[in-house]
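*Asks:* The listed protein sequences correspond, in order, to chains A and B.
Start counting the first sequence at 1; every next residue gets the next number (full-length UniProt numbering).
Start counting the second sequence at 1; every next residue gets the next number (full-length UniProt numbering).
There could be a bad hint or two in this list.
Said to hold, decoys possible - Below, simulated BS3-like cross-link-like pairs (lysine-lysine); rule was C-alpha separation at most 25 Å, straight line: (1) B/K123 with B/K151; (2) A/K397 with A/K422; (3) A/K59 with B/K122; (4) B/K78 with A/K91; (5) A/K38 with B/K78; (6) A/K181 with B/K78; (7) B/K122 with A/K28; (8) A/K28 with B/K147; (9) B/K122 with A/K227; (10) B/K151 with A/K92; (11) A/K92 with B/K14; (12) A/K397 with A/K366; (13) A/K38 with B/K147; (14) A/K28 with B/K151; (15) A/K366 with A/K233; (16) A/K92 with B/K78; (17) A/K38 with B/K88; (18) A/K92 with A/K200; (19) A/K92 with B/K77; (20) B/K55 with A/K91; (21) B/K78 with B/K88; (22) B/K151 with A/K59; (23) A/K28 with A/K59; (24) B/K76 with A/K38; (25) B/K55 with B/K14; (26) A/K91 with B/K122; (27) B/K88 with B/K55; (28) B/K88 with B/K76; (29) B/K122 with A/K92; (30) A/K227 with B/K77; (31) A/K59 with B/K147; (32) A/K91 with B/K14; (33) A/K181 with B/K77; (34) A/K181 with A/K200; (35) A/K28 with B/K123; (36) A/K227 with B/K76; (37) A/K181 with B/K76; (38) A/K433 with A/K405.
Please keep in mind that the hints were generated in silico from the structure rather than gathered at the bench.
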Amino acid sequence: MDRNDSVDRFSFLPDALILIIITCLPFKEAVKTSVLSKRWLRLWQSTGNIDLDENFFVKAGSSGETRATQRSHFVAFLRFWTENYTEPKVKKYRFVYSNSPDFHLPAVQHCIKFAVDHRELTSLDLDFSDPDWDEEDISVNPQTPPHLPAITLDKHAVLNSLRLSACNFRVPQSITFSGLKNVCLAWMKIPGSSLYKFLKLCPSLETLILRRIWNVGSFDIEAPNLKFLVLDKLSGPEFISVSAPSLSFFQYSGLSVYLQMEYNRTMTEAIFDFSLQPTWDEEGDPEMLYNLLSEVWSVKVLTVCSYMLQVVPMAENSLSLQPRLENVTRLVLKTQLHIQEYYGITFFLNSCPRLEVLSIDIGPKKIFEDWRPPYGMREHPFSSNLWYPACVESTLKKIEVKGFKGDDNEITVLRYLLKYGKVLRHLHIGLSKERGADGIDMESTYRENIQKLMDHISSPHLQVYVV
Amino acid sequence: MAAETGTPTTLTLKSNDDELFSVAESAAILSVTIRNMVEDGCAGGVIPLDNVDGKTLASVITYMNGISAIPADEEKKKSYRDKFLSDKDFETLADMVLAANYLNMSCLMDAVSAKIAQVMEKKSVGWVRRKFGIENDYTPEEEAAVKEEHKWTFEGVETDDDN
Numbered sequence: 001m002d003r004n005d006s007v008d009r010f011s012f013l014p015d016a017l018i019l020i021i022i023t024c025l026p027f028k029e030a031v032k033t034s035v036l037s038k039r040w041l042r043l044w045q046s047t048g049n050i051d052l053d054e055n056f057f058v059k060a061g062s063s064g065e066t067r068a069t070q071r072s073h074f075v076a077f078l079r080f081w082t083e084n085y086t087e088p089k090v091k092k093y094r095f096v097y098s099n100s101p102d103f104h105l106p107a108v109q110h111c112i113k114f115a116v117d118h119r120e121l122t123s124l125d126l127d128f129s130d131p132d133w134d135e136e137d138i139s140v141n142p143q144t145p146p147h148l149p150a151i152t153l154d155k156h157a158v159l160n161s162l163r164l165s166a167c168n169f170r171v172p173q174s175i176t177f178s179g180l181k182n183v184c185l186a187w188m189k190i191p192g193s194s195l196y197k198f199l200k201l202c203p204s205l206e207t208l209i210l211r212r213i214w215n216v217g218s219f220d221i222e223a224p225n226l227k228f229l230v231l232d233k234l235s236g237p238e239f240i241s242v243s244a245p246s247l248s249f250f251q252y253s254g255l256s257v258y259l260q261m262e263y264n265r266t267m268t269e270a271i272f273d274f275s276l277q278p279t280w281d282e283e284g285d286p287e288m289l290y291n292l293l294s295e296v297w298s299v300k301v302l303t304v305c306s307y308m309l310q311v312v313p314m315a316e317n318s319l320s321l322q323p324r325l326e327n328v329t330r331l332v333l334k335t336q337l338h339i340q341e342y343y344g345i346t347f348f349l350n351s352c353p354r355l356e357v358l359s360i361d362i363g364p365k366k367i368f369e370d371w372r373p374p375y376g377m378r379e380h381p382f383s384s385n386l387w388y389p390a391c392v393e394s395t396l397k398k399i400e401v402k403g404f405k406g407d408d409n410e411i412t413v414l415r416y417l418l419k420y421g422k423v424l425r426h427l428h429i430g431l432s433k434e435r436g437a438d439g440i441d442m443e444s445t446y447r448e449n450i451q452k453l454m455d456h457i458s459s460p461h462l463q464v465y466v467v
Numbered sequence: 001m002a003a004e005t006g007t008p009t010t011l012t013l014k015s016n017d018d019e020l021f022s023v024a025e026s027a028a029i030l031s032v033t034i035r036n037m038v039e040d041g042c043a044g045g046v047i048p049l050d051n052v053d054g055k056t057l058a059s060v061i062t063y064m065n066g067i068s069a070i071p072a073d074e075e076k077k078k079s080y081r082d083k084f085l086s087d088k089d090f091e092t093l094a095d096m097v098l099a100a101n102y103l104n105m106s107c108l109m110d111a112v113s114a115k116i117a118q119v120m121e122k123k124s125v126g127w128v129r130r131k132f133g134i135e136n137d138y139t140p141e142e143e144a145a146v147k148e149e150h151k152w153t154f155e156g157v158e159t160d161d162d163n
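Generate the whole structure from the sequences, applying the supplied hints.
*Replies:* Here is the structure:
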């Protein structure tokens, strides 16, 4: 003991206070306290923070047979917990059980009933998705567990956080979730009209994540207090309108869609990823993307994908966005550094006159075959040296490259940036992990390729780091 | 009340080891126990707090003054609480739970409980018993049986030797 008078000071605390501490513990830690002493044997069973996660029992990478055994242990624990749980006031409830052939429906039904019956929940998280489902292939809707009871939340007025994945969610009708700030819905079918109605019931909503929702149709998001919005791989919508005047973070990934953002002056970061888009439409897509960028004009950090780099320059008068993105100080390019992306790269450099940090994440991308250079230019600026964006010469301080291999296209772009980057101070190069033919380690080759850049550095203060 | 007269009312609190502390009433009434005394008119002289020692009371008063100086901004209050608790050792936290309970200060109670839980996390059973002063009244066989029943909870736990 450090001090004699601290002996057993916790034995003076009534159970109710110890329970406050236990409720602050993650569920697994709370169960563990049963071994401390006889007094603690059953205290955890009243914790207000319940997390029934099959991943506590089922270990990824185990054989199918082992996993089945592990799942049966989990179901046995569910049964034990169900029989012993006494506390009527639970605050947080999480239940994770993935779809699989040995799906134990009665246990699941019971756990869902628990969630539906406990109206005082502030946090509810139910996840029946399967880790093996293919997130990228949005043409296939996974088979969600059949016969799942409906999640009805018509009495859960004090919810603060709601996460539902692969659930049979019934959008409530006649309740206002006045304290609900965080919502994440994933792996389910929800029509856009229901989504719209649901959001209307959540006037305080600050965070909304919609992931792999299908048959969603076109929809509107109207949320006056929304700050954080992620739309990830939805299928079905052709048109999404976002009216969220407090929005500060926006991420869209998935198919090309007509996205309309209401005039917004609070947004600080936007991420656009259309990499699932298999084709591009010369008629509509360039203008749509151009307009979308105009609508997020206030951002400080902007991430764009290869699709945008190839398609945006096709919009009319598009050497840059007008007006320019005056606030952007950090630009992230998800690119292959293919020649077809060069015009887009200069478009964004031209559009960001105060750019300080340029991140280039290099990786294989979809390069469109039916593409032709915009504005009739034969030579792209990186090789012609005819003109260069102002930010490169005056404000660009740092370049971060990930996945560097040093092929000709990469060298062309980086030489250009180093030649005109007069105030550059840092160049970080992360070498690609990709192996060569027959699995040969290529790291030394990639590292040697960096030498091809060294004669082209203009800035006297540039420091080069290789990782 | 202080706000109306312009002269802040000061209360005198006395710890169980006879230390005296002056504190603005507006800060002290974060404690429901003290507020009830003030409302009942028992706060004229010295308020004795029989279950709190001077060292702990000094800490609690620092907290009262700090948190009541922050306007209604839950995030700022939270970051103040985090900072306030960040350098407290386990014994002090344990004393503060008892004090917060006695003084009926729910915001301090919640914050200290969360901090204690954070300290407990991933620690071995032996460590928690020593720190909490919990006497192990299981027989070795009983303890083994309880561990076996919930053996899934014992993955990734520090060994006893760490502390």
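*Asks:* May I ask which of the numbered hints given earlier this structure violates, with the numbers listed in increasing order?
*Replies:* Violated: hints 5, 9, 11, 12, 17, 20, 24, 32.
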